[in-house]
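Read top to bottom, the protein sequences are chains F and E. The opening residue of the first sequence carries number 1 in the numbering used here; numbering runs sequentially from there. The opening residue of the second sequence carries number 270 in the numbering used here; numbering runs sequentially from there.
Keep in mind that the hints are not guaranteed to be accurate.
[Said to hold, decoys possible] With a straight-line cut-off of 25 Å between C-alpha atoms, the simulated DSS-like cross-links for lysine-lysine are: (1) K486(E) with K231(F); (2) K411(E) with K214(F); (3) K322(E) with K231(F); (4) K322(E) with K214(F); (5) K218(F) with K455(E); (6) K455(E) with K411(E).
Honestly, the hints are just simulated from the structure, not real lab data. Fair warning: this is a prediction, and the values are worked out from it, not measured in the lab.
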Amino acid sequence: MTTLATRPTGAKARAEISAKTLRTDRWWLAPLITAVGLFAWVAYATFRVFMQKWYWVDEYHYLTPFYSPCVSEGCEPAAAHFGRFIPDSPWIPYAALSLPFLLLFRLTCYYYRKAYYRAFWMSPPACAVPDGHKNYSGETRFPLIFQNLHRYAFYAAVIISIFNTYDAIMAMQKANGDFGFGLGNVILWVNVIMLWAYTASCHSCRHIIGGRLKHFSKHPVRYRAWTFVSKLNTRHMGLAWITLATLAITDFYIMALAAGWFSDLRFVG
Amino acid sequence: MSVRKFKVWRGDSGGGQLNDYQVEVNEGEVVLDVIHRLQATQEPDLACRWNCKAGKCGSCSMEINGMPRLSCMTRMSTFEENETVTVTPLRTFPVIRDLVTDVSYNYTKARELPAFAPPPGVAPGDYRMQQIDVERSQEFRKCIECFLCQNTCHVVRDHEPNKEEFAGPRYFIRAAELDMHPLDAKNDRKEFAKSQQGLGYCNITKCCTEVCPEHIKITDNAIIPMKERVVDRRYDPLVVLGRKILRRDQIAPTASAEPTVHAGPVKVADDMAPVDFGREPTPPLPPELNAKGHVNLNEMLSDRSAAASPFGDDLSFPVDPKGLNYYHPDKH
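Next up, chain E with everything else stripped away, as it sits in the complex:
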């Protein structure tokens, strides 16, 4: 056991500072253990998001000595005894409190990306694929959505305005996964990656690959192949000419006519209300306070027998499909 020095960022969207702490560290511990000990012994209201402590849930992403990392996978033994370990929240996303950030940018980008399109004429359950055809896509399924790649990518980290145009590495691997999928029926994914996801913003400096805790070769196996596929479709005059002459995989030039998904509500299907992918969901109302300014914790004083709804008491289900910020194929 030893006592080590730490600097932990504390604050919220209004501001904050790096506080100094001295915390006990035992053999075999990781940074998340130290954060928990800090909560238990010195700072009971330190906010930190975590779940599995096994590097599989992707919740405990933070920046440790300036590098985006999973705190549950960063061993204390990798630091010197007398080294001060600095722990800060992810810089690219708005901070909620202390080490917890609002990663909803990523969920907006996820909603914008069209899902797997089932092949026509094949019923679910009858899908058949060769192992070698799905292997490439399977690498990308390892993603645990820790958003370290999204956080480290300088396109959005250092240039906030690019967030609108740029989907980020996590969604490039998703795009590549679907474009390489042997049964996906959608054939304008290359166009989509270029014009809607902002693939051209990537300058392949490979930081996403460097920080990926699942060791997905994001740049080599997803972004560069996707860039090359876009070249086939958009930039290579010989391939474009060859496709025209041989009349191969003719597709409608959808992307140029398509509205940018970031612009506002998008008509996804003819018989459906337009979907506003970027709509901010209404935040749930805060719980009612009593005369003393506290929440009524006593069941006797509460107006219902069960716990409050995690979605907010003002929300009733089913939600009106017109107000959704995603595309629900069954709800019109």
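Isolated chain F, as found in the complex:
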């Protein structure tokens, strides 16, 4: 060898590459789909939550999850399984006790954090694509430090899932007290099962169930539960989107029945 290798000179400069990203694939597609999907869902949900009608099918006892539990004084008496004690106002959703916690559960969810940090906050929009911000402190400061309280939103979501399950059970009894089962019940049950799957696949749930342990061998039952939750957890993203879809479909179906756009397909009664 006749030339000397370049030695590190102590200057700490990165490679000078003018292009912000050299990615040639469609990296912008995934954040775009996420942004459109989330925006559309939030717009629909907001519209429905403040609509304050077509949420209850009295004939089959169907209650949409967006109004469960219905606790406003404006609720129809038959739909209010747990009493009516919140003042009736066009600005207060009928399910004002559950919706804020559900929103928090999804806002602090480890999957949705990835989704909206990428799609809305551009931090970063995609891997190896520059962050849209000059400074970055992550989740170390107010308000994002509160993302650490995801587990409390999870506890609330478990309680609300119990209410949803109760609604699904109640919906199998018709207005005259007889047992009934129709397409609406199938949709309600699919929604409830998916909500449970999404809630159980939560990363905080995985931690609480067994992830926090150091010795699985000393806690065989918790280890088995952790293994089960871990399997669900790998599908957390999928379940997050599936539940958005089932919630919107359930709500739309019940709205359509309540508004009389079409009638329920009945299997029994």
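Once you have looked at the hints, place chain E on chain F.
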């Protein structure tokens, strides 16, 4: 065989540019093969770090069409025939030359992380663990230290000042591995991850998991569990209260009193000299040049019979422990 178009970044810390090349590509080849052909046929002094060509040594990390990848594991068949393939060095680390970067940031962060602490009262050789207890940690042992995750993480990639505070995904899996280790005796690792490694900077956008060539689930299995463990220790009022009432796993609140490791020399043990984890090791002196400005390659002219020391001729062993930038438990 076909001739394909390439753009390869050439330069050093003073600057550089993307050069265009046309290189022959054969069936079954990977990007590293093309880099080697480029060296053999057109650019004999193109610098590139590589070793095993089997995706196990983690040396040939570079950015191919803007994505951090191992060049030995990126098949040419994944690109279109007429596509120009752009190859650049890792962006997050200082460049040394061409495709070779200075990854010492990662080694500094590795030194800062306390090693496995042996359990008291158990002699080495008597360690016994159940398979299910070590399984979780074993996933993280697959790491080949290619530093693609460190390179792609926007916390340091796009924000150079965060390098001081932030250890990066590779060291979060190390922290998780040790915190989940059934026999590790150190019980302030959660505190350490929060206050010294900057775990809170991570916003779980999962790019580390996306680029990992070993398919380690870095975010789901290490960072998020570590974040949840930190919540147990620092943020969850009920768990903190429960621990106080039940007097469970009482630990001294070390982290707030501890100096930040990045600040300067840290006293690791009472009877030891402070260690400066961030100290820049003195670079070895360049070889002496002769009157013509070249190295004396002729053995007759050299002042010793063997090859020059790879550590530099000015370094004698053993090194003074006070000058080390790591913690050597046996050398005081």
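So, going through the hints one by one against the coordinates:
Taking the CA atoms of K486(E) and K231(F), the gap is near 13 Å; set against the 25 Å cutoff, the hint holds. Between K411(E) and K214(F), the direct Cα distance comes to roughly 20 Å. Compliance with the 25 Å bound is thereby established for this hinted pair. Distance hint between K322(E) and K231(F) is unfulfilled; the C-alpha atoms sit about 34 Å from each other, more than 25 Å. Taking the CA atoms of K322(E) and K214(F), the gap is near 37 Å; set against the 25 Å cutoff, the hint is violated.
Under the criterion of a C-alpha separation no larger than 25 Å, the hint pairing K218(F) with K455(E) is consistent with the structure, at around 19 Å. Between the alpha carbons of K455(E) and K411(E) the distance comes to roughly 23 Å, so the proposed pair stays at or under 25 Å and holds.
In this structure, the hints that do not hold are numbers 3, 4, in rising order.
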